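Visitor: Build the full structure now, drawing on both the sequences and the hints.
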Amino acid sequence: MRSSPDSNPLSNRFRPLAQKRLMQISLGSLLLLGSVLALTNPSKEDYLNYTAEQIHLSSKQGCTEFDRDIDVTVFSMPTSDLCKSFVQGADFLGRGVLKQLISLSTSEPKNYLILSVYTTKVPGRVYKTVGIGGHFFTLTEK
Numbered sequence: 001m002r003s004s005p006d007s008n009p010l011s012n013r014f015r016p017l018a019q020k021r022l023m024q025i026s027l028g029s030l031l032l033l034g035s036v037l038a039l040t041n042p043s044k045e046d047y048l049n050y051t052a053e054q055i056h057l058s059s060k061q062g063c064t065e066f067d068r069d070i071d072v073t074v075f076s077m078p079t080s081d082l083c084k085s086f087v088q089g090a091d092f093l094g095r096g097v098l099k100q101l102i103s104l105s106t107s108e109p110k111n112y113l114i115l116s117v118y119t120t121k122v123p124g125r126v127y128k129t130v131g132i133g134g135h136f137f138t139l140t141e142k
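This note's numbering applies: residue 1 is where the sequence shown begins, and numbers increase by one.
If you're looking for bench data, these hints aren't it; they were derived computationally from the structure. Fair warning: this is a prediction, and the values are worked out from it, not measured in the lab. Backbone N, C-alpha and C fix where the C-beta goes; we use that ideal spot for every residue, glycine too. Treat each hint with caution, since some may be false.
As the list claims (entries may be wrong) - Cβ-Cβ distance ranges computed for the label pairs, FRET-style:
| id | residue 1 | residue 2 | range |
| --- | --- | --- | --- |
| 1 | 28 | 53 | 34 to 40 Å |
| 2 | 18 | 128 | 42 to 48 Å |
| 3 | 20 | 59 | 56 to 62 Å |
Guide: This is how it looks when you write it as structure tokens:
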């Protein structure tokens, strides 16, 4: 005749130890994860670099959206080529200036140890961006 595991006095004796060990492992894992996230919480400088890059990519994308059927030229260049030249020149000369403008438009980040929330206000829009684990995620655009 077999006895059920609950009736075995040894298994009942070790069950609280197993539960305690599982709790310790869980808490240790959470502590490790929190430490990693705190160490990789991006700085404001990281945010400025990220935002300047996003603006640059957005500007490049805008240049490709010029309609090829519209035959407009400025200085003997199609407008899409002129746009690309402007974006490249602005990137070469103005990345530092762009970062300063972004910095002026961004309130002090709210730092929650494992993540930071950045709010940037530009005319007509408000961007909220979360920085966590060395990455950024834009949550809202109004």
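Visitor: Where does the structure disagree with the numbered hints, that is, which hint numbers, in rising order?
Guide: none
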